[in-house]
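Got chain S sorted already, so can you dock chain B onto it with the hints?
Number of protein chains: 2
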Amino acid sequence: MYLPKPFAVEDETQTFDFIEQNNFGILVTNIKRTTNANHVPFLLDREKRQLLGHFAKSNNQWRELEANKNVLVIFQGPHAYISPSWYVSENLVPTWNFAAVHVYGEAEIVQSKDETFGIVESLSKKHESGFDRPWQSASMNQEVLQSMLGAIVGFKINIMQIQAKAKLSQNRSEKDQAGAIDALRKQGSEQELAIATLMQTELE
Amino acid sequence: MYLPKPFAVEDETQTFDFIEQNNFGILVTNIKRTTNANHVPFLLDREKRQLLGHFAKSNNQWRELEANKNVLVIFQGPHAYISPSWYVSENLVPTWNFAAVHVYGEAEIVQSKDETFGIVESLSKKHESGFDRPWQSASMNQEVLQSMLGAIVGFKINIMQIQAKAKLSQNRSEKDQAGAIDALRKQGSEQELAIATLMQTELE
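Residue numbers (our numbering), protein chains in the order written: chain S, 1 to 204; chain B, 1 to 204.
This is chain S alone, in the form it adopts within the complex (with noise of 0.2 Å):
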């Protein structure tokens, strides 16, 4: 990725924060010169520097890990098009305004039937921490459960390199910053908002 000073995130604690947040990823694998992608949710383990993730068994993308176990992920976070008229400054051009991590890594497949069970356990956990009255795999047949078990498989991607990019105007004045997050706030769709809040972050 391209990755000017002003834009690169330094900080793994923020970096692995923003995965955690943004963890519905995408998986780019490359057999033969062909690339392939899915989009898949992916679990952290920052002890083990390790995302974690499953596929369905028929999804042939996990073959592919057994050949070139080199991939991508790419987690996308907020994006939002900036206009130069929010700006104060003049002749200034449009531009995005975003924020995305690229974790290169090493993949495996996880050949634990117990292990792959803990990976989807821990995803669905996170996914109803949020809610009254969290689903529990506990509550289903527990041979259907099995079943099911047995129709996806298991990955996780040892981490080797992490890109972080936040693309937030940080290389503007700051009154061309402050412009550029009043509009936002003016315009006030989430994705918006949420750049806005970035950015407001940045600046202070």
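Simulated from the structure, these hints should not be mistaken for laboratory data.
Don't take every hint at face value.
Because identical chains share one entry, a pair is satisfied inside a single copy or across any pair of copies.
Stated by the list, open to error - No more than 27 Å apart at the CA atoms, straight line, and that leaves these computed lysine-lysine pairs for DSS-like:
hint: 1; residue 1: Lys186; residue 2: Lys126
hint: 2; residue 1: Lys156; residue 2: Lys175
hint: 3; residue 1: Lys156; residue 2: Lys32
hint: 4; residue 1: Lys69; residue 2: Lys32
hint: 5; residue 1: Lys113; residue 2: Lys126
hint: 6; residue 1: Lys175; residue 2: Lys125
hint: 7; residue 1: Lys125; residue 2: Lys186
hint: 8; residue 1: Lys126; residue 2: Lys156
hint: 9; residue 1: Lys57; residue 2: Lys5
hint: 10; residue 1: Lys175; residue 2: Lys5
hint: 11; residue 1: Lys5; residue 2: Lys32
hint: 12; residue 1: Lys48; residue 2: Lys186
hint: 13; residue 1: Lys32; residue 2: Lys175
hint: 14; residue 1: Lys113; residue 2: Lys48
hint: 15; residue 1: Lys186; residue 2: Lys175
hint: 16; residue 1: Lys48; residue 2: Lys69
hint: 17; residue 1: Lys156; residue 2: Lys69
hint: 18; residue 1: Lys156; residue 2: Lys113
hint: 19; residue 1: Lys156; residue 2: Lys48
hint: 20; residue 1: Lys113; residue 2: Lys57
Relative to the frame of chain S, chain B by itself:
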């Protein structure tokens, strides 16, 4: 992309509309088994079946296009976690609903400065059109504009193959789909509402 029949979008007009509505895409290139990706806004030329965009000249990805013209462009739409507790049926598991379009194509660098100007001009017109007083490049100092044009590289991608996916619980009963739509509307984030709207369209 893993594309089971119920989730495959065959209507090209619908797919092109999706690209235009979600035009901040990811350009994925591949050189010597190393994958590179950048987040850039795209224009779609439906007649010529091309995606158009531009890089900063200091972003080396344009050199990769010269070495391997085969690229993947990923357009991500809304996405949302779906809890099994939202369905009427029992013994179902968590999933993620989303819409995404993958375009495989052959890229070429735009050699003419006028053509590159045409791309950035069309892009800013597209994104300024919703504003009361759209910004116009004519308002700029034209020497500054020319110098900025010299600092970017335009590209076109001839579309070779399109994979369009709308994973919206179409493999669930109508009652289960309706339950998930209701719950997403109660959750109420813009992404969840967007997924509910897409699911409703599938159901009708």
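**Prompt:** How would you classify Lys57 and Lys5 at a CA-CA limit of 27 Å: within, between, both, or neither?
**Reply:** between (41 Å within a copy, 16 Å between copies)
**Asked** Between the shortest in-copy and the shortest cross-copy C-alpha distance, which are at most 27 Å for Lys156 and Lys32: within, between, both, or neither?
**Response** both (22 Å within a copy, 24 Å between copies)
**Request:** First find the shortest C-alpha distance between Lys113 and Lys57 inside one copy, then the shortest across copies, and answer within, between, both or neither for a cut-off of 27 Å.
**Result:** within (13 Å within a copy, 49 Å between copies)
**Message:** Reference check for the pair Lys126 and Lys156, CA-CA at most 27 Å: within, between, both, or neither?
**Reply:** within (17 Å within a copy, 41 Å between copies)
**Prompt:** 27 Å Cα cut-off: does Lys113 pair with Lys48 within a copy, between copies, both or neither?
**Reply:** within (20 Å within a copy, 49 Å between copies)
**Request:** First find the shortest C-alpha distance between Lys69 and Lys32 inside one copy, then the shortest across copies, and answer within, between, both or neither for a cut-off of 27 Å.
**Result:** Answer is both; intra-copy 13 Å and inter-copy 14 Å each pass.
**Prompt:** Given a CA cutoff of 27 Å, do Lys156 and Lys69 count as a within-copy pair, a between-copy pair, both, or neither?
**Reply:** Close inside one copy (10 Å), not across copies (31 Å); limit 27 Å.
**Asked** Between the shortest in-copy and the shortest cross-copy C-alpha distance, which are at most 27 Å for Lys175 and Lys125: within, between, both, or neither?
**Response** between (43 Å within a copy, 25 Å between copies)
**Message:** For Lys156 and Lys175, with the copy left unspecified, which applies at a CA distance of at most 27 Å: within, between, both, or neither?
**Reply:** neither (45 Å within a copy, 35 Å between copies)
**Request:** First find the shortest C-alpha distance between Lys48 and Lys69 inside one copy, then the shortest across copies, and answer within, between, both or neither for a cut-off of 27 Å.
**Result:** For Lys48 and Lys69, the Cα distance is within 27 Å only inside one copy (18 Å; across copies 37 Å).
**Message:** Checking an output row: Lys5 and Lys32, CA cutoff 27 Å. Within, between, both or neither?
**Reply:** between (33 Å within a copy, 26 Å between copies)
**Message:** Please sort Lys156 with Lys48 into within, between, both or neither, judging by C-alpha distance up to 27 Å.
**Reply:** within (10 Å within a copy, 41 Å between copies)
Checked against the numbered hints listed earlier, the structure breaks hints 2, 12 and 13; every other hint is satisfied.
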